[in-house]
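Enquirer: Assemble the whole structure, with the sequences as input and the hints as a guide.
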Amino acid sequence: MEVSVTVNGTVRSADVEPRTLLAHFLRDDLGLTGTNIGCDTSSCGACTVLVDGRSAKSCTLLAAQADGAEVTTIEGLAGEDGLHPMQQAFHECHALQCGYCTPGMVMAAVSLVDEYDDLDGDSVREGLEGNLCRCTGYQNIVKAVLAATE
Amino acid sequence: MTDTLDATSPFAGGIVGEARLRKEDPALLTGEAKFIDDLALPGSLWIACVRSPHAHARITSIDTSEALATEGVAAVYTGADLADAWAAPLPCAWPVTDDMKNPAHHPVAIDKANYAGDIVAVVVAESRYAAADGIEGVVVDYEPLDAVVDLADAESDRVVIHEDCGTNVSYDWALVPDPDAVDAAFADAVHHVTETYVHQRLIPAPMEPRGVAAVPSPHNGDMTLYSSTQIPHILKVMASLTLGLPEQKVRVIAPSVGGGFGCKLNVYAEEIICMALAGRHGVPVRWTETRTEAAGSTIQGRAQRQTIELAADADGRLTAVRATLLADMGAYLQLVTPGVPLLGAFLYHGLYDVPAYAFTCRSVFTNMTPTDAYRGAGRPEATYAIERAMDALAVAVGVGPDEIRSRNYIPTEKFPYDSPAGLIFDSGNYQPTLDRAKELVDWDGRRAEQADRRAAGSTKQLGVGISSYVEMCGLAPSRTLAALNYGAGGWESATVRILPTCKVQVVTGSTPHGQGHETCWSMIVADQLGVDPDDVEVLHSDTAISPLGMDTYGSRSLAVGGTALWMATEKVVDKARTIAAHMLEAAAEDLEFAGGVFSVKGSPDKEVPLAGVAFGAFTAHDLPDDVEPNLEAQVTFDPGNFVFPFGTHIAVVEVDEETGAVDLLDYAAVDDCGNQINPLIVQGQLHGGIVQGVAQALWEDAVYDADGQLRAANLADYLVPSAAECIDMKLDHTVTPSNSNPMGVKGIGEAGTIASTPAVMNAVVDALRPHGITDITMPASPMTVRRAIEVAGGGAS
Numbered sequence: 008m009e010v011s012v013t014v015n016g017t018v019r020s021a022d023v024e025p026r027t028l029l030a031h032f033l034r035d036d037l038g039l040t041g042t043n044i045g046c047d048t049s050s051c052g053a054c055t056v057l058v059d060g061r062s063a064k065s066c067t068l069l070a071a072q073a074d075g076a077e078v079t080t081i082e083g084l085a086g087e088d089g090l091h092p093m094q095q096a097f098h099e100c101h102a103l104q105c106g107y108c109t110p111g112m113v114m115a116a117v118s119l120v121d122e123y124d125d126l127d128g129d130s131v132r133e134g135l136e137g138n139l140c141r142c143t144g145y146q147n148i149v150k151a152v153l154a155a156t157e
Numbered sequence: 105m106t107d108t109l110d111a112t113s114p115f116a117g118g119i120v121g122e123a124r125l126r127k128e129d130p131a132l133l134t135g136e137a138k139f140i141d142d143l144a145l146p147g148s149l150w151i152a153c154v155r156s157p158h159a160h161a162r163i164t165s166i167d168t169s170e171a172l173a174t175e176g177v178a179a180v181y182t183g184a185d186l187a188d189a190w191a192a193p194l195p196c197a198w199p200v201t202d203d204m205k206n207p208a209h210h211p212v213a214i215d216k217a218n219y220a221g222d223i224v225a226v227v228v229a230e231s232r233y234a235a236a237d238g239i240e241g242v243v244v245d246y247e248p249l250d251a252v253v254d255l256a257d258a259e260s261d262r263v264v265i266h267e268d269c270g271t272n273v274s275y276d277w278a279l280v281p282d283p284d285a286v287d288a289a290f291a292d293a294v295h296h297v298t299e300t301y302v303h304q305r306l307i308p309a310p311m312e313p314r315g316v317a318a319v320p321s322p323h324n325g326d327m328t329l330y331s332s333t334q335i336p337h338i339l340k341v342m343a344s345l346t347l348g349l350p351e352q353k354v355r356v357i358a359p360s361v362g363g364g365f366g367c368k369l370n371v372y373a374e375e376i377i378c379m380a381l382a383g384r385h386g387v388p389v390r391w392t393e394t395r396t397e398a399a400g401s402t403i404q405g406r407a408q409r410q411t412i413e414l415a416a417d418a419d420g421r422l423t424a425v426r427a428t429l430l431a432d433m434g435a436y437l438q439l440v441t442p443g444v445p446l447l448g449a450f451l452y453h454g455l456y457d458v459p460a461y462a463f464t465c466r467s468v469f470t471n472m473t474p475t476d477a478y479r480g481a482g483r484p485e486a487t488y489a490i491e492r493a494m495d496a497l498a499v500a501v502g503v504g505p506d507e508i509r510s511r512n513y514i515p516t517e518k519f520p521y522d523s524p525a526g527l528i529f530d531s532g533n534y535q536p537t538l539d540r541a542k543e544l545v546d547w548d549g550r551r552a553e554q555a556d557r558r559a560a561g562s563t564k565q566l567g568v569g570i571s572s573y574v575e576m577c578g579l580a581p582s583r584t585l586a587a588l589n590y591g592a593g594g595w596e597s598a599t600v601r602i603l604p605t606c607k608v609q610v611v612t613g614s615t616p617h618g619q620g621h622e623t624c625w626s627m628i629v630a631d632q633l634g635v636d637p638d639d640v641e642v643l644h645s646d647t648a649i650s651p652l653g654m655d656t657y658g659s660r661s662l663a664v665g666g667t668a669l670w671m672a673t674e675k676v677v678d679k680a681r682t683i684a685a686h687m688l689e690a691a692a693e694d695l696e697f698a699g700g701v702f703s704v705k706g707s708p709d710k711e712v713p714l715a716g717v718a719f720g721a722f723t724a725h726d727l728p729d730d731v732e733p734n735l736e737a738q739v740t741f742d743p744g745n746f747v748f749p750f751g752t753h754i755a756v757v758e759v760d761e762e763t764g765a766v767d768l769l770d771y772a773a774v775d776d777c778g779n780q781i782n783p784l785i786v787q788g789q790l791h792g793g794i795v796q797g798v799a800q801a802l803w804e805d806a807v808y809d810a811d812g813q814l815r816a817a818n819l820a821d822y823l824v825p826s827a828a829e830c831i832d833m834k835l836d837h838t839v840t841p842s843n844s845n846p847m848g849v850k851g852i853g854e855a856g857t858i859a860s861t862p863a864v865m866n867a868v869v870d871a872l873r874p875h876g877i878t879d880i881t882m883p884a885s886p887m888t889v890r891r892a893i894e895v896a897g898g899g900a901s
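For the record, the sequence lines run as chains A and B.
When we follow this note's numbering, the leftmost residue of the first sequence carries the number 8, and every step to the right adds one.
When we follow this note's numbering, the leftmost residue of the second sequence carries the number 105, and every step to the right adds one.
Think of the hints as simulated: they come from the structure by calculation, not from any bench.
Treat the hints with caution; some may be incorrect.
Derived pair list, reagent style BS3-like, types lysine-lysine, alpha-carbon separation capped at 25 Å [unchecked claim]:
1) B:Lys564 - B:Lys518
2) B:Lys607 - B:Lys127
3) A:Lys150 - B:Lys834
4) A:Lys150 - B:Lys127
5) B:Lys542 - B:Lys564
6) B:Lys138 - B:Lys127
Where chain B lies over chain A, by a calculated footprint (3+ residues, C-beta under 8 Å) [as the list claims (entries may be wrong)]:
7) 39-48
8) 63-75
9) 92-99
10) 113-124
11) 144-155
Backbone N, C-alpha and C fix where the C-beta goes; we use that ideal spot for every residue, glycine too.
Expert: This is the structure we're talking about:
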């Protein structure tokens, strides 16, 4: 079936099997491999992207469900001026080590900061509950998200 | 000088010791980094593995016809089909005893499956979706057999898993330097503490599952293996041997690797299968593990039962430690499976001055996923046993857990310390780490609060737990490994190459997967050469670019690989000095090198910058007669000793007696890894390591049922903690340099995991001690804690 999604500001179309996951559509059909896949139970959040501005786990959506939507992936975050403030904060706070969870974590954090005012350490921790990281113990991720809100 | 470096450090006034941001980050933050599944390899075939659903079963027949008829499926192979594809079974590199039982472990089982997840057939297809469809069409008939999941049951040989071994016992291993001294100490002991502990199985769960892509060159015979591995160099040797391929034709590349924690320190069936099938089909063959599949395809960790006995005098001063292990190997021996208990064997007396020591270990096969190295590998288990037992001794003696430790720490003046297990601890100064950790958690205040809550009969009890640790890392002196029957050495290689434009290439044999090697290696070289760290490029993880290496595990990269790098840089500077002396018409010994400039002592106007020397070495127009062109040096460093980082961690928990819930309220860690190259990275390693150890204490459990089925096979059931369960940790450090290497550094990659599990469990038990509870089985889940309270008679069910 034909699926057409606006990805990082550009309309991208492909003929895909109906069962194709959005995560696989982004990675395999569009070559946007920054979105990682870390599980098969929607637990880890490595595949988090923005769908119409809100964070979504792209392994829980079919590509067909995103037909007509606007999707932002990690590749669409940095601008001509360099890293997005959230990416910059992750860098400055040493909020990544192996980097595998990082694209999803950053996208989830961008969405979290966009959706909520007055975030503090506890609410950031609650807000990122759906994104797992095995390297950092989260301390510097929380620090980075709070830094990005300043 | 910063407080991350000792005054004796060879680094002064440079960037080493500073919290410098990582070079690795931009590619990882933007999606530019390429992990294994990101590689574009046109024309690839994908495999999917048919895995036994039974823990123990004979394979009576396999019908592949329906799979072969599935759209997109190119081929299906059974174990019998591939029996001639292997030159040898999957390797175990650590035959710890001469009579160790090591059953043949073929990448695809032929007659019998020995754990749920054992591969029994492989589907090859045009896409990953088609391969997944194909496995649905493979019909395997099994004759289920009784499964062995309990270690005592395994030891009894009620069911012998590997008939040709004749027993489930793989090996017995002992380290008892002076048995009479141990017996005498226990005979004379005033206090004799005996404790038993269980280390549950853990799933390492790096966020990136494993993946493989084997790319053949059918006409010239080359085979390139891309793998999400910690050990491309070891894998190259082992894959060549296992497949009978000429090693010079095999190249292994680890692309960006999304964490390992030991589970990517292996040679796996899927790597060998993809290489074999890439050879047969003449096109790239790939596989990417799914998370649920990983439960049966990637090694697990810990899985030991321990008995530890302490003998002590009337004051609680230890006179002997005796530890006995029963260790679960799982269904087969993977690369270093049998060696994991040995990595802890020397450390069951912890950081305490103990005159007599005994360690014995029996290892058994079970019908579960093979175990192998998981962050800390043997040392978390050892530290857990001694640190839990020290709390029991404190209770027996009637002193606090802080006091019992202070009485027993190896005195600072005894370093280098000849340990009762036969090691030489390089350096240590333990008491300050305890003192500082107590400050950080307000020890006295917490103790008072605990007393108040107990007096008030609160249902929310406070517990405070200490864990002091020392570990041996920086694996490893090759001669020591030989004495332990390990199949390889412990050296590491580095090459430093100053390019004609005075930019620098560093080649390291230590393969990073999140640790920040590129940043730290650049800092070291930049300080030594007086160049900008951004002008240093670190090359790694590809056996064609970095031909010599022993890779990354055992907190070895900096202490061994970093030392090789430091020495190679010194060697390059020496050569540059010879050339500079020639250029300046001075004697080499009269030259100073600082800030990237050679100058003649006493004649500061006579100088030449390194850039001038580098270009001169490149043009070779005017070199001394016995000097080769170019500035490059390679060093292979074999350490003379391990390094022994140490520290004290303290956890404060609140236990809800009504629900059994344990909340971590506070956590302090004071660690000493000698001179710190980059404290930002040290702290990051500690944060992640601590949480991984806390997770063993409180959440994670790869629990199997009686039939050998893993009940927590995915991230929905296996409780890797999220940010919501974790807290901000308080870190501090002391700096006691190692004398095992010229930089005075020690490893820090595993310290957090080693220290944190007993700190948390000591805190949980401390909270529950009024109930008479002396142990809680890990993980201390609400159900487990609540049940313990009920058994202790402390409340209605």
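Enquirer: Compare the structure with each hint and give your call.
Expert: Comparing the hints with the structure gives:
For the hint linking B:Lys564 to B:Lys518, the alpha-carbon distance of about 43 Å lies beyond 25 Å, and the restraint is violated. Distance hint between B:Lys607 and B:Lys127 is fulfilled; the C-alpha atoms sit about 16 Å from each other, no more than 25 Å. Between A:Lys150 and B:Lys834 the CA atoms are separated by roughly 14 Å; this keeps the pair inside 25 Å, and the hint holds. A C-alpha spacing of about 20 Å is found between A:Lys150 and B:Lys127, which places the hinted pair at or below 25 Å, so the restraint holds.
A C-alpha spacing of about 22 Å is found between B:Lys542 and B:Lys564, which places the hinted pair at or below 25 Å, so the restraint holds. In summary, the hint linking B:Lys138 to B:Lys127 is supported, as the alpha carbons are separated by about 16 Å, within the 25 Å threshold. Under the rule that three or more residues need a Cβ within less than 8 Å of chain B, the assignment of the stretch 39-48 of chain A holds, with 10 such residues. Counting residues of the stretch 63-75 of chain A whose beta carbon lies closer than 8 Å to any beta carbon of chain B gives 0, which falls below the threshold of three, so the coverage claim is violated.
Counting residues of the stretch 92-99 of chain A whose CB lies closer than 8 Å to any CB of chain B gives 4, which reaches the minimum of 3, so the coverage claim holds. Only when three residues or more bring their CB closer than 8 Å to a CB of chain B does the claim for the stretch 113-124 of chain A stand; here the count is 1, and the claim is violated. Check on the stretch 144-155 of chain A: 6 of its residues sit with their Cβ under 8 Å from a Cβ of chain B, so the three-residue criterion for coverage holds.
When each numbered hint is compared with the structure, violations occur for hints 1, 8, 10.
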